[in-house]
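Q: Residues per chain, in single letters:
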Amino acid sequence: MNQKITTSVVLGLMCFALTLGMFIQAKTVKGSNIVVSQNYEENELRAEVLKYKEKYDNKYKDLEKAEQELEKQREISTENNEELTKKQEEIKIANKIIGLDEVTGPGVTITLNDSKLDINSVFDPNSLVIHDGDILAVINELKNAGAEAISINGQRIVPTTGIICGGNIIDINKEKVGTPFVINAIGLPEQLAGLNRPGGYVRNLKEKHLDVDLKQVNKITIPKYTGVLTYKYAQNIN
Amino acid sequence: MKEKLKKGKITMIIIVGLVCFVLILVMSMQFKVVKQTDITSIENMREAELREELANWKEKYDEVDSKYNETIEKLNEYKETEKSNEETEKVIDNELEQVNMLLGKTDVQGKGIEIFLRDTEDEEVPKINADDLLVIVNALKLAGAEAISINDQRIINMTDIVNVDTYIKVNGNRILSPYTIKAIGNQIYLESELIGNGGYVDTLRKSGHSIEIQKKDNVEILKYNGEIKTKYIE
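One line per chain: the protein sequences are A and B, in this order. Residue 1 is where the first sequence starts when you use my numbering, and the numbers rise one by one after that. Residue 1 is where the second sequence starts when you use my numbering, and the numbers rise one by one after that.
Be a bit skeptical, because a hint or two may be false.
[Unchecked claim] If you anchor each label on the Cβ, the simulated ranges turn out as follows: (1) A:H209 - B:N163: 18 to 26 Å; (2) B:N85 - A:E54: 37 to 45 Å; (3) B:I195 - A:K51: 16 to 24 Å; (4) A:E41 - B:D152: 46 to 54 Å; (5) A:P198 - B:N85: 51 to 59 Å; (6) B:K58 - A:F16: 50 to 58 Å; (7) B:K6 - A:C15: 17 to 25 Å; (8) B:N173 - A:N120: 19 to 27 Å; (9) A:P198 - B:D217: 43 to 51 Å; (10) B:K6 - A:I119: 17 to 25 Å; (11) A:D213 - B:E73: 45 to 53 Å; (12) B:N173 - A:T104: 25 to 33 Å; (13) A:F23 - B:I15: 15 to 23 Å.
Derived from the structure by calculation, the hints contain no laboratory data. Nothing here was measured: the structure is a model prediction, and the numbers come from that model. Each residue gets a CB set at the ideal place from its N, CA and C atoms; glycine is no exception.
Chain A with its partners taken away, still in its complex shape:
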């Protein structure tokens, strides 16, 4: 009899705790939905953001068309003069180096992801996630290995590209990108793959149990910068 009572009490308590947990959860989910869908001001702002995004997208398409036309016209204008043709070629190559034009070539693809280990299994959970510093270091090491063009999740690295970490997303070229981070680089694949050798940064991340992968590829395409490069403060010294 005594045992029965104990069992009932234990079971009752368990059920109670369980129901409580479920209710709290259900409430949390409901609560967050209300915030997302019913805050008038935020909705207004969201609409405004979308409007500007669309305006930007349209203008950007116009710009791309104009740039193609300019390139064609430049070719036409310079075709009957050797010296001018050379200069025209120089501009084309420069645009590829700066990141204002799409490029193709051999290279490597590096995928960086947070560790699959349970965060409770280590002393410092911070060591299981990819930070902006890691990306900065990988990019720097790729450049050291002779990378000629680099992109992160489709964002081309240009001379003004900065990388910053904000919570679990990273800002590159003022665009937000999340894990997994896919870094493409063009250069001599064997040399770029050096990051995988002992002492290389990719190997170091692997040893810290982060989910990292490096593949050599025969041909990859790296997109052009989706922003605009214009300088307001710097001027050429003649």
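For this one, chain A is given, so just place chain B on it according to the hints.
A: Chain B in isolation, oriented as in the chain A frame:
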């Protein structure tokens, strides 16, 4: 008595099993909900984030708009001068100069800041290394720097900053302390990115290194002193 106990036990096991099952079901449902929430989507942004996002898009739109006008202008210039090689040359030289500036192949000047860094004499404190300089350069880029150099080594798109033995190499050239980092851009942005709360200069200063930042109306930055060659990009 024995049978009764057995029955009770079985019932208990079934109940506990059921409870566990429901618990797991609820938990997996939740994981799904959490997974579905895309953190980069604007659906989940709060007011402050949205305002920032809006300002960001407005700025980007303005940039694209002026770039578009500039491109059309160039296009027309080429069209107008199509018949004369001499006139075309002026237009293309102009464009080439602009592109070379972005590449880092020209000396440039403008408003900006100069940062003077010197290793502490305290032997126990680690010296300023390539990673420190890399973080500073990245911070300057985030603040919108248009041209940067370290000890007259121009930072271009392919620049690497690495530790080799006890030295730092920038663009493959060895540099030594004291370091002078020059940057052209908005002085307030540049400075505050470095010395603001948690800024990297503060961090270095706390560890004992000497750092001085000067705002200058005319910072002169030398061009990249090598040849910019590519072999693999097409």
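Q: Compare the structure with each hint and give your call.
A: Do the hints match the structure? See the list:
1. About 25 Å separates the C-beta atoms of H209 of chain A and N163 of chain B, a value consistent with the hinted range of 18 to 26 Å.
2. Distance hint for N85 of chain B and E54 of chain A: a CB-CB separation of about 43 Å, consistent with the stated range 37 to 45 Å.
3. A C-beta distance of roughly 37 Å is found between I195 of chain B and K51 of chain A, which places it outside the suggested range of 16 to 24 Å.
4. The supplied range of 46 to 54 Å is met by E41 of chain A and D152 of chain B, whose beta-carbon atoms lie about 51 Å from each other.
5. Between P198 of chain A and N85 of chain B the Cβ separation comes to about 58 Å, which falls inside the hinted range of 51 to 59 Å.
6. The supplied range of 50 to 58 Å is met by K58 of chain B and F16 of chain A, whose beta-carbon atoms lie about 53 Å from each other.
7. The hinted range of 17 to 25 Å is satisfied by K6 of chain B and C15 of chain A, whose Cβ atoms lie roughly 23 Å apart.
8. Taken as a hint, the range 19 to 27 Å is violated for the pair N173 of chain B and N120 of chain A, whose Cβ atoms sit roughly 47 Å apart.
9. Take P198 of chain A and D217 of chain B: their Cβ atoms lie about 49 Å apart, and the range 43 to 51 Å holds.
10. Range check, K6 of chain B to I119 of chain A: about 43 Å between beta-carbon atoms, so the 17 to 25 Å window is missed.
11. Our hint of 45 to 53 Å for D213 of chain A and E73 of chain B holds, since their Cβ atoms are close to 46 Å apart.
12. Hint check: N173 of chain B to T104 of chain A, Cβ distance near 30 Å, so the stated range 25 to 33 Å holds.
13. Taking 15 to 23 Å as the suggested C-beta distance range, the pair F23 of chain A and I15 of chain B conforms, at roughly 20 Å.
Violated hints, listed in ascending order, are 3, 8, 10; each of the other numbered hints is respected by the structure.
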